[in-house]
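Could you fit the two chains together into a complex? Lean on the hints.
These protein sequence lines map, in sequence, to chains A and B.
Its first residue numbered 1, the first sequence is counted upward by one per residue in this note's numbering.
Its first residue numbered 642, the second sequence is counted upward by one per residue in this note's numbering.
FYI, nobody ran anything at the bench for these hints, they're computed from the structure.
Note that the coordinates shown come from a computational prediction; the quantities given were computed from them, not determined experimentally.
Honestly, I wouldn't trust all of these hints.
[To be verified] Stretches of chain B that chain A covers, calculated by requiring three or more beta carbons in the stretch to come under 8 Å of a beta carbon on chain A:
| no. | stretch |
| --- | --- |
| 1 | 660-666 |
| 2 | 733-739 |
[As the list claims (entries may be wrong)] Some chain A residues flagged as far from chain B (calculated, every beta-carbon gap over 10 Å):
| no. | residue |
| --- | --- |
| 3 | R32 |
| 4 | E40 |
| 5 | G160 |
| 6 | A209 |
| 7 | P387 |
| 8 | L391 |
| 9 | E455 |
| 10 | R493 |
| 11 | L517 |
| 12 | R568 |
| 13 | V590 |
| 14 | K615 |
| 15 | V616 |
| 16 | A626 |
Ideal Cβ positions, reconstructed from N, Cα and C, are used throughout, including at glycine.
In case you want the letters, here they are:
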Amino acid sequence: MSALLPLLVGLPLAGALACGILHARVLVRRHRDPEAAANEALVGGIATGSVAVAFFVAVLLTIRLLSLPPEHRRFEADLGTWIDAGRLKVPARLLLDPLSALMTLVVSGVGALIHLYSIGYMRRDPGFARYFAYLNLFVAAMLLLVLGANLPLTFVGWEGVGLCSYLLIGFWYEKGGPADAGLKAFVVNRIGDAGFLLGIFLLHRELGALDYASVNEAARSGLLPANAATGAALLLFCGAVGKSAQIPLQVWLPDAMAGPTPVSALIHAATMVTAGVYLVGRLHVLFLAAPAVLLVVGLVGGGTALLAGFGALAQRDLKKALAYSTISQLGLMFLGEGAGAFDAGIAHLVTHAFFKALLFLAAGSVIHALGGEQDLARMGGLARRLPATFLCFLAGAWALSGLPPFAGFFSKDEILGGALHGAGAPVLGALGFAASFLTALYSYRLVYLVFSGRENFEGRPHESPALLLHPMRALAALSFVGGALAWIPIWNRRPIAEFLAPVFGGNEAGGGAEHVLVAVLSLAVAFVGFLLARRLWMDRGLAGERALARLPLWRVAAAGGVLDAFYRGTVVRAARVLAIACGVFDLFVVDGAVNGIGRAASAAGETLRLLQNGKVQAYAIGVAAAAGALLLAAFLLGGTR
Amino acid sequence: MSVPAAHVYALGAALFAFGLAGFIMRRNLLVVLLSLELMFNGALVTLVGAAREHRDPEPSTFGLFVVFLAAVEVSVGLALVIALFRLRQTLDPDAAAELRG
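Extracted from the complex, chain B is given alone in its bound form (with noise of 0.2 Å):
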């Protein structure tokens, strides 16, 4: 049995709508940076959805891309957010607002 690909990209496009609600809205960054994962996994979901789909493994070359993409960007992503944290004791992302014109 198989699941039909439109499911595969409806699920995908679930979890980046899901990811780009929550990293807008919520006000931890902790969370936020969850939510980019969240985003993440939307699109490397639809890239092996259209690998398979398609019986071609150039999107899936793509996913591991975006995997190993997620990995470093969730070292340094946190490791800014740790030293944000030292900086104003705080998670808000507003807190953080010095570049405003």
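Bound conformation, chain A alone (with noise of 0.2 Å):
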């Protein structure tokens, strides 16, 4: 059965070089016919069908793991060593456990229906191919990251991602913009990257393995000192900030809004940004082994879901509030890790991957239909126009906002209830309901703004074609029932908690008469949001927040927060002044060495020349004013012998 684990990393991977090759066909057809295009069919075809495949082997796989003892369930896949150098053996070894299944199933889920809704909105697009052959990659790199059975392995996914991230940001790199927003991406995450790989030295000095297994088993039974524990656990955690937008590196993942739509609903919304959700739920023994550090996360994440909830509130463009809510809702993921439900955290992951997913999807359908309009203050109304793209984006702002019966209330609410357990209980869960509040919030005044009231916006917009729709329908149901995923209230069951529960042991977050006030507190919250939404935005546009836009923290907060302008002013001006410093030092140091030596040698030629006078009596001065000259050395100094 393990057999099949490579086709998962192996599948989109082959379709990746299958679209890469049939780009570098149009390219060298274009020298001929400018207008050359890609066959889309094809290229669409290979490349949704690689990933629609590899979700069906995660399925198979899913359902085999499934049927054996829940202490058993884990498959392993060795494809011989990769690294074996002295001390540091590193096997490449893929590993699919309950975690990892889980993420493959929504990383290769959630991104065969986007390559699906990709066909669609790439249409006619020049670079078709190339756009499919970096999602392609993208979802191998992911699920690279997701199998690695140990740290370094997870690091090429890691890194693999962050490529895939910056290429399809700067995906038209041609306006300039984008290009400039994916290197700032790249360049906040090799940040984070410096921690994780710091980390990843840390932990071989103390322990010499590196595979998740020995680093959990380590931790548990104390073979790992307790500073290290601390210190290793700081850094991945620094890795994990960068990648998945935490405070204080969140600085890349507005920006990265500048690539097509449906790269923001897989890479910056679905999966590659939960990426660090998912390595401290990995190595959830080690942060329990290092408690201080657990706190850390779980109040930088709380601290991340507020102001960018607020963030997100104060937002003109479409899709860059959503992506402060995205990072307001990995706040949350962290916030319920921090608290030590790490089920909780996974849970949200996975049911946000749904409806953020599919706000992405609907928003990009919007965004379509405007032709390329994201600026909230030229919409408003298309509940009409639009009424498919209406019902799916409701769909999605309500399982965001946490109202029942959809999804976010019930993983939302798993978090809640962790986070008045865990550790830092009283701030932790204050932290949490502020967030939930904010995120009703800001999810409605989204549906009232783009969706209610007079219309802005120029043109007769039309509702997009059934390839855009279906997908989003898809997810749609998938936010609606993946509830049930995270809490069936009635049973009081738990699916994910219970199927993760191999892998985080069984831990009791809480249950019967808790869970349901914490439930009421939560829905109370969410449902004021919604209330107050309604009341501020229904019908009236950007006006409803006129009063609000007057407040200095809500101009703080539209401006993406100060940390920005501070990084611009410290970080960007150091490395602009160092630079500048470096092309002084080279122009006049480096090339004043290289040139000085290159003008000295002539200038010396210059002069000696004149000694060359072609006169053999000059010379003959020269020849015995040297001898007479040696004589006179060997008389003086060497005495009389």
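Put into structure tokens, the structure is as follows:
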């Protein structure tokens, strides 16, 4: 059975290669015919098919996994030795256990739907095949990240998704802005990645083993000294902060919206940005062995959830509002994990993948219909024009806001329940509830601004074709039933938590009456948020927030927080000064030395040339003078002998 | 009776010095060649004087070489001077300065 495991990574990789070759063919043909385009049906079919087949393989493997007794639920596929250098031995081994199986299902399932959507969305783009090559490569890298059985292998996937993110954010690089945004995402991620690498080094020095099973076992048994565990957990969390866009490295995600909208849905909402959440879950024993770091995880997550919630509220750009919302929801996942409710964090990751991908796809459909318009002030009243898109967006926003019966309510509830039980309960709980309130507020703000009230756009928008709508409908259905994966109140069952129990152990996060209390509280908070949003924005457009927009806090939130300006003033400026200094050094010192040597040689030649006057007797004077000088020297220095 | 070695060396040195001065200063290539011969002979006298003083045949052997070399040199040198004269119609050594840098 585990022989099928490499297929999960191999299929999308093969798809990426095929699409890349097809794109190369297009480029060659374009020399003769500038209008040459890829065979879109073929490229889209290969790309979507490879991911869809990977999804079915994942389903098959998961069913087999479930047929095993809980403590034996793991498949491993050994693909030989990757690194064998002295003390460092890294096998190329893939691991499928409940956690990675769940992630694989989400990545390949949501990925396949978004591939399908992209065929319609990217129609007639000159880079069609290139787009799908990148997107398939991304899925391959993401599955490697998830399935890698040790940290270095995960790191390869980690860097791979970072690369694809860079390539896809800057997909329309001719426009300049997207290229800069891609660069920003890449550079900011490097900071986190440096921490990730240092964490790997530290673990290697302390343990010599880097596979998850050994690291978790060493942390459990106390083989890993407490301060080493703290250091390693903190460094690895740095990587998670970068990849999952948490404060203080969240600045890249809003800019990443410069890429095509399906990319925002797949990479910057559903999958890649959740890699940090996955990593913390994967190494949960290590984090449990470092309670201080776990608290940091919770606080960073909670703080991010709150601040990014404000950010989402104040945006005027539809996609940026969704980006801030993603940051905020990722913060909630970290908050849950920080409180020790790892299964709740992962459960929210899964439902969030459904409804946030849905929201982005629906936003893409709106943007598509309006001919590229993303400004919320130039929308409104679209519910009548785009009824199917409206229903899908509403489903996504409903799920996001945390109102039942949609998915967000159940998974968010799990997190809030966990937050009230874990370490730092009052603070984390308060942060969680505040973020939930903001979530409901900004979710319905978007719904009302885009779909209700006066029509502020030009032209006559038409509903998107079926190829765009079907994946959205599928995700809407998942957003509806997905909540049942997190918590089924009637039977008080938690399918995801139970499925993950072999990984996380059966940590029971509350139950019975207490859980109902949390549910009622979170429901009330979300409902108040909804009512407030309805009062402020329904049928009123941006006029509803005119009073709010005067608040300085609002303006700070709209500008994306002060961090961007702070980085521009410090890090970017320092880097620029350093670059100028290096340029000056290069120009004057390095180039000066090189040119100076040349100039000195040439000047010496010019001068010494004069001695070479071609007159034999002048040379003879030189010879005689030299001989005389030598004689004199021998006479003076050699003494008498 | 015997001549003191110092006198022999002084003679050699004087011959060499006159030769050198002539080589450097004369403006006629034939005389320059003659001055060269004078330097050879200064060296030769010194070598022979040394052989006599030390009762050692070795410097004399070098002296013989000097004689041979002088003969060879003068034949080549004269040939060059004649060739140069044919080319330039002058015996001024400064006239052939094409190798000026």
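Hint-by-hint comparison with the structure:
Under a criterion of three residues with beta carbons nearer than 8 Å to beta carbons of chain A, the stated coverage of the stretch 660-666 of chain B is upheld, 4 such residues being counted. Taking a C-beta to C-beta cut-off of 8 Å, the stretch 733-739 of chain B contributes 5 residues in contact with chain A, enough for the three needed, and the coverage statement holds. Once the 10 Å rule is applied to beta carbons, R32/A is consistent with being away from chain B; the minimum gap is 60 Å. With 10 Å as the threshold on Cβ separation, the claim that E40/A sits away from chain B holds: the shortest Cβ distance comes to roughly 73 Å.
Distance check for G160/A against chain B: the nearest CB is about 64 Å away, which clears 10 Å, and the non-interface claim stands. No beta-carbon of chain B comes within 10 Å of the beta-carbon of A209/A; the shortest separation is about 72 Å. Listed as a non-interface residue, P387/A keeps its Cβ farther than 10 Å from every Cβ of chain B; the least gap is roughly 93 Å. Distance to chain B confirms L391/A as a non-interface residue, since its nearest Cβ pair spans about 92 Å, more than 10 Å.
Consistency note on E455/A: stated as away from chain B, and its beta-carbon is indeed over 10 Å from all of that chain's, at 89 Å minimum. The Cβ of R493/A sits about 99 Å from the closest Cβ of chain B, beyond the 10 Å cut-off, so the non-interface label holds. Under the 10 Å C-beta cut-off, the non-interface status given to L517/A relative to chain B holds; the minimum distance is some 102 Å. The claim that R568/A lies off the interface holds: its Cβ sits roughly 60 Å from the closest Cβ of chain B, which is beyond the 10 Å cut-off.
Against the 10 Å criterion, V590/A stays outside the reach of chain B, whose nearest CB is about 32 Å from its own CB. Its closest Cβ contact with chain B, about 5 Å, brings K615/A to no more than 10 Å, contrary to its assignment away from the interface. With a minimum CB-CB distance of about 6 Å to chain B, V616/A fails to clear the 10 Å threshold, and the non-interface call is violated. Residue-level check passed: A626/A sits 13 Å from the nearest beta carbon of chain B, beyond 10 Å.
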